[in-house]
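Student: Chains as they are written, first to last, in our numbering: chain A, 1 to 126; chain B, 1 to 380.
None of these hints come from the bench; they were simulated from the model. The structure presented is a predicted model; accordingly, all values stated were derived computationally and were not measured.
Residues from chain A that face chain B, not an exhaustive set, calculated with beta carbons under 7 Å:
(1) His15
(2) Ile16
(3) Ser85
(4) Lys106
Capping the alpha-carbon separation at 30 Å, the derived lysine-lysine pairs in DSSO-like fashion look like this:
(5) Lys225/B with Lys69/A
(6) Lys49/A with Lys4/A
(7) Lys150/B with Lys323/B
(8) Lys239/B with Lys25/A
(9) Lys251/B with Lys323/B
(10) Lys69/A with Lys48/A
(11) Lys110/A with Lys250/B
(12) Lys251/B with Lys110/A
(13) Lys110/A with Lys239/B
Using N, Cα and C, we set each Cβ at its ideal position, and we do this for glycine too.
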Amino acid sequence: MNFKGSILLVDDETHIRKYVSLILKQLGATNIIEASNGEEALAVFQSKKPDIVLLDISMPLLNGLETLKKLKEMDPECTVIMLTSMVNRQSIDEALALGAANYIRKDTPKEEIATAIKETIELRFP
Amino acid sequence: MEPPTQSPDSEYSGRRVLVVDDDRLNIRILSGILKSEGYVFAEASSGERALEIYPSFRPNLVLLDVMMAGINGYEACRELKRLYGDDCAPIVFITAKNEADDVVEGLAAGGADYLAKPFQKKEVVARIRTHLRGQMLAEQQKLLVAQLSKANAAKNRFLGMAAHDLRNPLASIRGLAEFLRDGVVGDLTPDQLDLINTIHTASQSMLRMVNELLDVATIESGELKVVPSDHNLCELIEKSVYLANIDAAKKNTHISFTPPVAPPSAWIDAAKIQQVVDNLLNNAVKYSPPGSRIIAEYNWDAQHRSFGVKDQGPGIPENERDKLFKDFGRLSVQPTGGEKSTGLGLAICRKIVEAHQGTIVAENLPVGGCEFRVTLPVHS
Numbered sequence: 001m002n003f004k005g006s007i008l009l010v011d012d013e014t015h016i017r018k019y020v021s022l023i024l025k026q027l028g029a030t031n032i033i034e035a036s037n038g039e040e041a042l043a044v045f046q047s048k049k050p051d052i053v054l055l056d057i058s059m060p061l062l063n064g065l066e067t068l069k070k071l072k073e074m075d076p077e078c079t080v081i082m083l084t085s086m087v088n089r090q091s092i093d094e095a096l097a098l099g100a101a102n103y104i105r106k107d108t109p110k111e112e113i114a115t116a117i118k119e120t121i122e123l124r125f126p
Numbered sequence: 001m002e003p004p005t006q007s008p009d010s011e012y013s014g015r016r017v018l019v020v021d022d023d024r025l026n027i028r029i030l031s032g033i034l035k036s037e038g039y040v041f042a043e044a045s046s047g048e049r050a051l052e053i054y055p056s057f058r059p060n061l062v063l064l065d066v067m068m069a070g071i072n073g074y075e076a077c078r079e080l081k082r083l084y085g086d087d088c089a090p091i092v093f094i095t096a097k098n099e100a101d102d103v104v105e106g107l108a109a110g111g112a113d114y115l116a117k118p119f120q121k122k123e124v125v126a127r128i129r130t131h132l133r134g135q136m137l138a139e140q141q142k143l144l145v146a147q148l149s150k151a152n153a154a155k156n157r158f159l160g161m162a163a164h165d166l167r168n169p170l171a172s173i174r175g176l177a178e179f180l181r182d183g184v185v186g187d188l189t190p191d192q193l194d195l196i197n198t199i200h201t202a203s204q205s206m207l208r209m210v211n212e213l214l215d216v217a218t219i220e221s222g223e224l225k226v227v228p229s230d231h232n233l234c235e236l237i238e239k240s241v242y243l244a245n246i247d248a249a250k251k252n253t254h255i256s257f258t259p260p261v262a263p264p265s266a267w268i269d270a271a272k273i274q275q276v277v278d279n280l281l282n283n284a285v286k287y288s289p290p291g292s293r294i295i296a297e298y299n300w301d302a303q304h305r306s307f308g309v310k311d312q313g314p315g316i317p318e319n320e321r322d323k324l325f326k327d328f329g330r331l332s333v334q335p336t337g338g339e340k341s342t343g344l345g346l347a348i349c350r351k352i353v354e355a356h357q358g359t360i361v362a363e364n365l366p367v368g369g370c371e372f373r374v375t376l377p378v379h380s
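For reference, chain A alone in the conformation it holds in the complex (with noise of 0.2 Å):
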């Protein structure tokens, strides 16, 4: 994959941004852009327009719906994938009638995980 733009990564724990900065950089990716909760995601948004944005779902402050919520509101077009830690069926689908682009459990193997964000990354960039 040869996808030049930037990416906002968002979760609360350090190695979660770690790993999944990890996984984006083997998928080509140089342009990373991390932040430990929803409030900085929305200023980081706002000061450097990221195209994709990987939002957690659980984080204290703001958590990941009430984040996606307002990037909505900011850009109606904006790119969300939301990491959840677990089938919560419900935050998912409200994610997704939110607008998300797709979601990834976080304790699926690494190579899902690269190939779900690479999808993504192909519908919405091609």
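Got chain A sorted already, so can you dock chain B onto it with the hints?
Tutor: Same frame as chain A, now just chain B:
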């Protein structure tokens, strides 16, 4: 606890007894006996009055005359049972004649016992004590059950929370170990690689165990929700077989699956059934000696879809068969490659399959090894 200092006579003193009789003399005799035992007592001169007094007096025992003006004793008894159900105090009938028919009808109406007139003091005292003891034990038991189920729910919540919070860090450890192993951040010496592989395998099996604990917590708290829809079960099996073969190859074992021509779809919750399929395939690999051949199958008829796995393992010891699908039901049979097990996998499978109204069975094969088969009904 202090040993009881009361005399045995007053063991139940303070317990409440409601006496219902339209004969003043009977009430007087019974109240004399009851007071000498230290019981608190209330009287009612009719069945209607008894129903009125019952909710405020909340007796531990009711002595109820059969023949009364207005509603008779049997009717009053049935009404009390209807109103208070299992919480109703035991009811002892007072009958003038010790006749089998009366006794039978009284017991059929929900009575616990009967006292025949004329009263024998010793008998009255003994029977009342027996029923009060039973009532007290039932009350304690009910309290205990309530406390236990509360504690069990708390345990499930805790288990769920702990397992859930362990999952993300474990997923990171496993994934980061893979990056190291694959040389993404530089080459490793064989010794370093060996250590990284150990970290990877350990975190992988921990993740599996944590997921199983989480599943059990979900199932036990009654939150297992199966949302079935039309799915290509055959394709799902094919994908699972492909993935399971990656692990199987490490033991030089192979799972073969020949997809049948034009397989019909199944009415399943795909994520949940995939878990069952994965579990059965992984078990087959886990318990078969290295170099085995495992066969997966997909069959159907008009009413059913079925998935089977035949392995070449040691089979199921007949005397341990009943443990197979129970929580923590680990058998004496050991994994052949040092794999770990919580003993929860098959219990989870059974619960998922049953939530689909299906069945899961295991049979030892005459040629050795065993077959696990899941059968699911089609959507009607």
